[in-house]
Structures are given as structure tokens and as C-alpha cells.
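Asker: One letter stands for each residue in the lines below.
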Amino acid sequence: MNRKQKKVFYRIIAAAALLIGAFFIPQGIFRAAVQLAAYIVIGHDILRKAFCGIINRQIFDESFLMAAATVGALLLGEFTEAVAVMLFFQMGELFEGIAVGKSRKSIAALMDIRPPHANIESEDGQLVKIDPDEVSPDSIIVVLPGERLPIDGTVTEGESSLDCSALTGESLPRDVGVGDSVLSGSVNLRGLLKVRTEKRYEDSTVARILELVENAAERKSKSESFISRFARYYTPVVCISALALAVLPPVVSIGFGDAPNWGDWIYRALSFLVISCPCALVISVPLSFFAGLGGAGSEGILIKGSNYLELLSKVKCIVFDKTGTLTKGSFSVKDVIARNISKDELLSLAAHVEYNSTHPIARSIVSACVKKPEPACIENIEELGGFGVKACIDGRTVAVGNRRLMEAIGVSCPEEVEGGTCVYVCRDGEYLGQIVLADTPKDGAAPALEKLRAMGIHDQVMLTGDNENAAQYTAKELGIRKVYARLLPEDKVTKVEELLSSMPKAQALAFVGDGINDAPVLSRADIGIAMGALGSDAAIEAADVVLMDDEPGKIAKAVAISKKCMRIVYENIVFAIGIKLLFLVLTALGLSNMWFAIFADVGVMVLAVLNAIRMLNVKNI
Amino acid sequence: MKKTYMIDVDCANCAAKMEQAANTVEGIVSASVNYMALKMSVEFAEGADVKKVMGEVLKKCRKIEPDCEIYY
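If you read the sequences in order, they're chains A and B. Heads up: the first sequence at position 266 corresponds to 266 in this note's numbering, and the numbers run straight through without jumps. Heads up: the second sequence at position 55 corresponds to 55 in this note's numbering, and the numbers run straight through without jumps.
Heads up, none of these hints are tricks.
Calculated cross-link-like contacts (lysine-lysine; reagent style DSSO-like; alpha-carbon spacing at most 27 angstroms):
(1) B:K17 <-> A:K222
(2) A:K476 <-> A:K316
(3) A:K316 <-> A:K442
(4) A:K6 <-> B:K63
Since the hints were derived computationally from the structure, they do not count as laboratory data.
Construct the entire structure; sequences and hints are all you get.
Answerer: Pasting the structure below:
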């Protein structure tokens, strides 16, 4: 509790004590005086605010409603009710303030990655602390052990380990040395580093994350707009009904010649005013979203707005990019099929030919070879783009490449083996065997897809630039049935558009990519999810959801969080509106009293807030 | 020019009222208040005196919501 809240807390205790004390005083002027004192202790600021509201023509303001209802109750002689309404109203407000403060604090913890300063070496060798905003690109900053890196750059001096957990969720420290590029927001664990800055602070990773988190609450979801629109009409309508309730029935009674019974009807009207307070409605839904965004953020899932949190729960079709999203993005040798030669020899031969190539497949063949190739025996290397590589090894011509290369040379060879990308090897026109390489799926990919299916997202599609064979193999392993292979980046956009047009309007399509080359698809899909995209500015810009690490399980988690959040939002909407309408009816019929009205106002609000802050805890969903 | 300020206000409804008030101040193109984050982001008109404009904003907000605070 802050100071202001403490003050309210003491006033609540004092007023409650006075109210209880009043019961021990015999009925009469003394009891009334004590009750009135309690009323003033607890309600004086509401009365003042209501007065300000009237002057500023803000009539349907909650202070005004409370003031009108309680002053009315006092005039009817219902002193206890008047104090109780004020007392519970203040308790409700206090509770709301504490709950919002608590969720605000847990979000602030997320924003704790703001670097306080940057160190610059002045001319006399002293370190000067300056605002990161003031550092221009291409200057040298000094990062001391324990400090947070303020700006993206390259290490020019020193060696250290960096704790990048705030950025990637990866708990293992990363070792860096001269020449390594480093991201702002990571913490220097050991040595002193000198870093040449490459960007301005506002373009650095840390500033971009903060901007994303801070602006998240500004994009309003449909449910939020619905509830605030509802509240805008609800209060005036109930107030006018209250007036009608106070005046019409007595007048009609007089018309029929009966007793008007003014006091009873005015009492019911005042209860209406208490129920008409929009607090529960106005706070419950945005707080649910706010807590949901905060909860997701604490799991390394940054969602750009509550509209996306809402949309995420409607996802029925999810499209994945293959490489780097579902798979590790690096090839490994899965199988070697050799003819008339040992497997190790075949691999070694291929490694010699590919030794100088930078192609990812070549690199993985070289690294799979146990014995390091001897560069001395490699001659006449010839890279044949789109086919493979040819070289002279120990005086014999060895070709390593795809089937088309074999056909071009005129070597007869068997069909490609299933399960990945096949590389053929031949020597002096004699087929020696195949090396099968595959991009292995990430460990968490299959369980994540399974979880998504369990949540009702059966329409899972994989897009890839890879060949059909490799794509089918990965898809089979992961249980994905729809696969589109050999796609160029622009084909991916067309494919996603095709899928979008074949879907019903109420459902959403999500695209998950690693942010490399797929920014256009990320922005075209209903929801673009970028994985481990902190290095890529374009992806952060284009995506609606940014996963800080590249663990596929986080996709399922994001969907689960959004589903839980929407369930709470609907619970709160139905509960708050339902209870209020119920008590309005009961009150109009004379079946309830002001105590029930207080519950319909404050009780509902407290329950809705408690329900909303459940979203802060998303560890186990 | 766009700037963001920390604010202090008690309820969601009051925050909305502050936003309305801030938008009527001269020298401000648009102002929006985020109650959950307790922030007011203000876009100033070209050549506006930021200190003076914010003083005016605070004055107007205080009038409708006496306990609010803007840290500028």
C-alpha cells in the first residue's frame, strides 16, 4: 500500500469503528450524530469530488452516484445504509487500487531491463556516466562487470560472459570476445568490455523491447471496447430508470387514489443508483487483459496488444515456416549409403571435396567427418552452382552433388533415399554412394504441435523452401499433414492468402516464422508470431507476437494463455453484467435492499478483480 | 514531437477524464492516457513550449480530478 492507500485504509477502520460503536448507543440524536461522523470520515472526499463533477458537468461520475445515493439515504433516515455504502465503496476502490498496483508491479519487473546509463571514457581516462540516449553510433562505451549493456554493438576490447536471459530466456551465459556482436539488455557477468556502438539507443534491442511492452496496453481488444461502450450507456440508463422508479409508481398510485408510498420507492431508486456504478465493468476486462499481457511477458512471450491476445484465442489454422521454426536450421548427416567403399571413407572423400565450400550442406558434411580432411591432396576445385562440387583428390576426379550432377556426368545411380536431402558421390565416373542429410526437428516441436491439436488447432500447415522429400520427412515426424515445399518467400505470402480466403471470418490464422525473410508473411497473417527474433528489427516490426527464445513450446503456451485470458474476460463480462441486471430487477420489485445493492456493486467488482489477476500466474498452463 | 510522462491517478474513469482534459489544451496534437501503465503520451504541436503546455495540462486535469499528478 502506498501512502494514499494507507490513509484510506485508516479512514475505513475509523468509520467502521464508529459505525459499530453506534449500535451500542440508544436510538436518538447521539446515535445519529456518531453515524453522521462516520459518514463524513469515510465520504468527505467523495462528496467533494461529486461537487467538482457537478461544476464540471460530469454527472454520471461514480462519485456523484455514490454521493446522490447516500445523501438520499440520509434524508430518508437510513443512516446505517448510507455509511455502509460509502464504506464498502471505499473498500472496493482501495482493493482495486492494490490489485492494479500489484499487476503493475509484476509488469514493471519485466521492464527492469532498462539500462540506467552508459559509460564513456573521457579524455583524461575517467569513466563518465551519461544517458544512453546521448551516445552517438560508432562511439566506444565501457561496460563494467555487473552492468547491463545499454546499446547494441561489437566488442573491441576485453572478454567476458553475458547473461542474455532477459532477452532470450536462455539461462546459460554466452561467452564473448573481440569482434563478437553483442545485444543491449544482456548483463556483463565478468570482465570489463569495450564496445563500439552500432546503433542509437532508441534503435537498440532493449529499447525496442521496452517500447513493445509499454505500448501493448494501447491496442484495445473488441471485448474492451464492448465493455466500455456498455458502461457508457449502462450508467445513464440506470440513473434515468432510478428517477422513473422514484417518481412514476407513486404518481400512478395517486392517480388510482392509493397512498403514494414515496419513501419506499425512493429507497428502491437509491439502491438503483448504487448498482448503476460502472466500476466493476470498467476495471474487470482491461485488468484481465493487462494481467494476461503481463503474465505472457513473464514467460518471454511479448504480445503487442490485447487485441492480439484476443485474436490468438480464435486461431484455428496455424502455419509454420519449417527451417529455424520447427527445425534446428542446421543440417546433420543422418545416413550414409556406400557401395564398394566403407562409410567412413565415403564421408571423408566427400568432406575433402566440400572442404572449401561455404554451403550449409557442405559444412555439415565436413563437420560430420571424424578425420579432418588434408587440404594438401585437394586440387582443381570446381563449384557447380545448383549441382554440387567437383575436385581432384589424390589425382582422381571426385564429384559430390545432387542427382542432376550425376546425370550431367553420365553416372547411373539409384533413386534418392527417403528422409532428407541426398548428396551423391562418384569417383572417376563410378557411383560410390549417397549421404543423407536432414534438418532435425527441435526437441520441443512435436509436443508443441500435439498440444496445439489438443487445444483444437488441427489445421497445421508447413511451408518451406526446401525440397519435397525433406519437407515430407519432417512433416511426418511432427504429424503435420499439409505441406507446401519449394516455396520462394513471395510464394509463402500467396499461400497464406489462399489459406486465409478459404477460412470462415470468425477464425484466425497464425503464421509462425523465425523472422528471416518472412516479414511480409508475418504481417499478412491475422497474427504473425516471430520466434527468437530479437536480432531482427524487421521481424519485431512486422510480428504481432514476439517469442523471445526459439522454443516451439512457447507457441502452444501463448495460445493457452490467450484462451485462459478470454475465458476470464467472458466470465467477468457475464458475471458483472448478469449480477447487476439481476439485482436491478430484484430491487425494482422490492425484493432486495441497499445491502444487496452494495454487493452488486462492490462485491462484484472485488470478485471480478480477483478473477482477473489470476492471469498473472501462467507458469503452469 | 512525442513525449511520455509518468502520471498518478486513482481510477480508470479518472484517467479517461484526464485524457479528455489534456486533449483540449492548446499546443497538443493528441494525448492519450494509459491507466494500467500510469503513463500519458503526448504529441506536441510544432514549436510548442513543452514545459508551459504541460503546466497547462496539469492545471486542467487538477480541475476535474483534484488528486492527479503528472511528473514532467
